[in-house]
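Peer 1: Sequence:
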Amino acid sequence: YVAFRKTFSLEKAVESATAYISAVDKYVLWVNGEMVVLDGSVKRGPTPYDSYYDTVEIPNLRQGENVIALLVAFNGRSGDGSGLIFEMEVDGTVIATDQTWKAARHTAYKNRVTAGADYPNYTQSSMLAERNVYFDAREDLGEFYAPDYDDSTWENASLISKAGDLPFGG
Numbered sequence: 001y002v003a004f005r006k007t008f009s010l011e012k013a014v015e016s017a018t019a020y021i022s023a024v025d026k027y028v029l030w031v032n033g034e035m036v037v038l039d040g041s042v043k044r045g046p047t048p049y050d051s052y053y054d055t056v057e058i059p060n061l062r063q064g065e066n067v068i069a070l071l072v073a074f075n076g077r078s079g080d081g082s083g084l085i086f087e088m089e090v091d092g093t094v095i096a097t098d099q100t101w102k103a104a105r106h107t108a109y110k111n112r113v114t115a116g117a118d119y120p121n122y123t124q125s126s127m128l129a130e131r132n133v134y135f136d137a138r139e140d141l142g143e144f145y146a147p148d149y150d151d152s153t154w155e156n157a158s159l160i161s162k163a164g165d166l167p168f169g170g
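For the sequence shown, my numbering assigns the number 1 to the initial residue and increments by one for each residue that follows.
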């Protein structure tokens, strides 16, 4: 799991804007601390070439500072990482995933494949599409989706792909 955040400012409040979102596997989306999507994005089939994006209405953007936050799950084993494409236009301003977004691995979420021995007593086959979620609350990031959360120690997101390329496909 990887947490992403983007802080941006608007000159005036906007009642609603349309965002286009694709994540490597599943995502949760918050806007200004309010959950907007609980279980978004693709459930991939056997091919990485059949992806799509979600069209999501983003409500109640404020005049001044706004925060978009996502938690992206990666169930795969290919090493592509936890990819995210987000794009939204608001009054001529485009908010899109790039290196200005902040990202942090959410270390409270564990799994045998990506975290090795930190997933105790895991006995299921690694050929399952998803694994049971193991969450260690002692390592929780806290309310990283809250507008006043301090993400200053997080890394800037890295560019791994663009729309149309793997891991997103066409």
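Derived by calculation from the structure, the hints in this document are not laboratory data.
For clarity, every value in this text was computed on a predicted model and none was experimentally measured.
Don't take each hint at face value.
[What the hints assert, rightly or not] Straight-line C-alpha distance at most 35 Å; calculated DSBU-like pairs for lysine-lysine:
hint : residue 1 : residue 2
1    : 162       : 6
2    : 162       : 102
3    : 6         : 102
[To be verified] Quick list of the computed label-pair ranges, beta carbon to beta carbon:
hint : residue 1 : residue 2 : range
4    : 89        : 134       : 12 to 22 Å
5    : 55        : 34        : 36 to 46 Å
6    : 137       : 15        : 19 to 29 Å
7    : 134       : 94        : 18 to 28 Å
Even for Gly, the Cβ is constructed at its ideal location relative to N, Cα and C.
Peer 1: Does each hint hold? Answer for all of them.
Peer 2: Here's how the hints hold up against the structure:
no. : hint                   : verdict
1   : 162 <-> 6              : 18 Å, holds
2   : 162 <-> 102            : 17 Å, holds
3   : 6 <-> 102              : 6 Å, holds
4   : 89 <-> 134: 12 to 22 Å : 39 Å, violated
5   : 55 <-> 34: 36 to 46 Å  : 19 Å, violated
6   : 137 <-> 15: 19 to 29 Å : 37 Å, violated
7   : 134 <-> 94: 18 to 28 Å : 38 Å, violated
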